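A.B. asks: Throw the hints in and build the complete structure from the sequences for me.
Given next are the chains, with one letter for each unit.
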Amino acid sequence: MAEVNTGGGGEAKKGKPKKQTLRVDFTPMVDMNMLLITFFMFATSLAKPQAMEIAMPVKDDVKKEEKSKVKDDKAITILLGKSNKIFYYFGKPTDVMVDNSKLKLASYGGMDDHNSLRFMLAGRNKIAMEKIARLKDQKDRKKIKEDFYKNEVKKIKNDKDGQVVIIKPTSDCTYANLIDALDELAICCIGTYAIDDPSKGDLWLIKNNETGGKLAKESDLSALSAKK
Amino acid sequence: MSKVKTKKHSTFIDMTAMSDVTVLLLTFFMLTANFIPKEPVQLITPGSISEAKIPDSNILTVLVDTTGHVYLTMDRRDNKLAVLREMGKAYGITFTKAQEASFLMQPIIGVPMSTMPDFLNKRLEDQDKILKKYSIPADSTNNQFKQWVQYAAATNKELSIAIKADQATPYPKINGVLMSLQAIKQYRYHLITKLDAAK
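So the protein lines, in turn, are chains X and A. Just so you know, we're using our numbering here: the first sequence kicks off at 1 and counts up by one. Just so you know, we're using our numbering here: the second sequence kicks off at 1 and counts up by one.
Treat the hints with care, since some could be wrong.
[Said to hold, decoys possible] Taking beta-carbon pairs under 10 angstroms as the criterion, some of the chain X residues facing chain A (in silico): (1) Phe40; (2) Ala43; (3) Asp113; (4) Asp137; (5) Ala176; (6) Asn177; (7) Ile187; (8) Tyr193; (9) Ser199.
Bear in mind the hints are in silico, worked out from the structure with no lab data behind them. None of the values given here were measured: they were computed from a predicted structure. Ideal Cβ positions, reconstructed from N, Cα and C, are used throughout, including at glycine.
C.D. replies: Below you can see the structure in the form of structure tokens.
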């Protein structure tokens with residue numbers, strides 16, 4: 001690779017020492033370096049993974065308090081069922097037991113799907129969503145500061161009279177379903193939510209719905225609602 | 001009249017400068033490198049709109065695959081050793097220097113304590129194969145996963161827990177992990193997702 005050039009060329013005079021220039025060809029060196037760079041670029045994690053922060057309720061004591069605080073007309077219970085099905089109902093489960101049609105079926109679709117969870121949540125939480133959209137617009141136009149925006153959004157999301165959502169993933173749903181449901185809440189600006197295990201009553205509701213209200217007809221409902 | 005002489009140009013390009021640049025770049029990449037830990041299972045994380053990043057350091061990552069196998073990775077080496085010693089104490093196992101060194105080399109914690117000394121005696125390449133067969137026991141009768149996290153949280157107060165699970169994992173498996181964490185008073189987690197802005 002190192003090249004020794006005899007200078008001048010042509011007629012070399014006898015007796016005179018030859019002029020020598022030493023040149024090293026760096027091309028292979030560059031090639032090798034490029035390869036190594038490529039390796040390091042692929043092997044390193046320059047981009048950190050995204051993450052969704054989640055806080056689970058502290059067990060027992062706090063939960064009961066919060067549960068009793070939730071107003072029935074503001075509570076939405078979402079049941080994540082098998083094969084990407086979502087069931088939801090408003091208010092108390094006992095009302096739904098009597099009337100099967102109150103348990104509604106939703107999909108994970110976007111805003112243009114009128115049967116989707118997002119469409120329903122956005123409809124219920126319209127005022128808060130509009131408020132936040134207005135704030136975001138103001139922030140984008142640099143009228144309000146970043147910190148102020150964050151604080152205001154937090155206030156709106158944690159509003160005591162706002163929507164409360166309880167997500168109950170059944171044992172048939174997948175991890176992706178849970179993340180999707182949490183995403184829908186984030187999109188619809190709902191800050192108050194809890195993840196809970198489905199109660200026996202909730203599972204019964206799904207079964208009842210799948211059989212078209214057959215279970216409700218067969219069993220004595222007054223006893224069941226008393227149990228709840 | 002003399003003839004117009006065409007000069008002979010040499011095509012030799014001096015690559016020295018180019019080489020300098022590449023070496024510089026290489027140095028940068030080498031110094032900033034933090035390697036992606038190799039995982040015994042391939043996990044496809046679910047997409048989410050969340051753009052938040054996980055913290056830089058002090059992370060304990062819980063890997064959960066579709067069959068519910070649980071593995072752990074810790075980014076702080078000094079903590080890792082302390083936790084291993086604690087676990088050894090709890091199970092009446094003392095590890096040799098060689099075993100401890102082997103434990104530090106292996107980024108994944110993923111075998112039951114009973115097979116741990118045996119596992120650490122093996123070569124690193126063999127360990128990776130064995131890892132696929134085992135996982136940390138996390139059921140109610142033998143919840144070693146809980147103990148690992150408990151000791152890790154005790155040795156490092158700033159520890160944050162990241163959960164990386166496959167999107168097709170059945171919910172009961174995830175719930176089991178969350179329940180174990182709640183039982184040792186760990187309530188905040190980072191669920192690792194990949195950005196899906198299209199949603």
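A.B. asks: For each hint, tell me whether it holds in the structure or not.
C.D. replies: Tested hints:
no., hint, in the structure
1, Phe40, "holds, 4 angstroms"
2, Ala43, "holds, 6 angstroms"
3, Asp113, "violated, 13 angstroms"
4, Asp137, "violated, 19 angstroms"
5, Ala176, "holds, 4 angstroms"
6, Asn177, "holds, 7 angstroms"
7, Ile187, "holds, 6 angstroms"
8, Tyr193, "violated, 14 angstroms"
9, Ser199, "violated, 15 angstroms"
The structure is inconsistent with the numbered hints 3, 4, 8, 9, although it conforms to all the rest.
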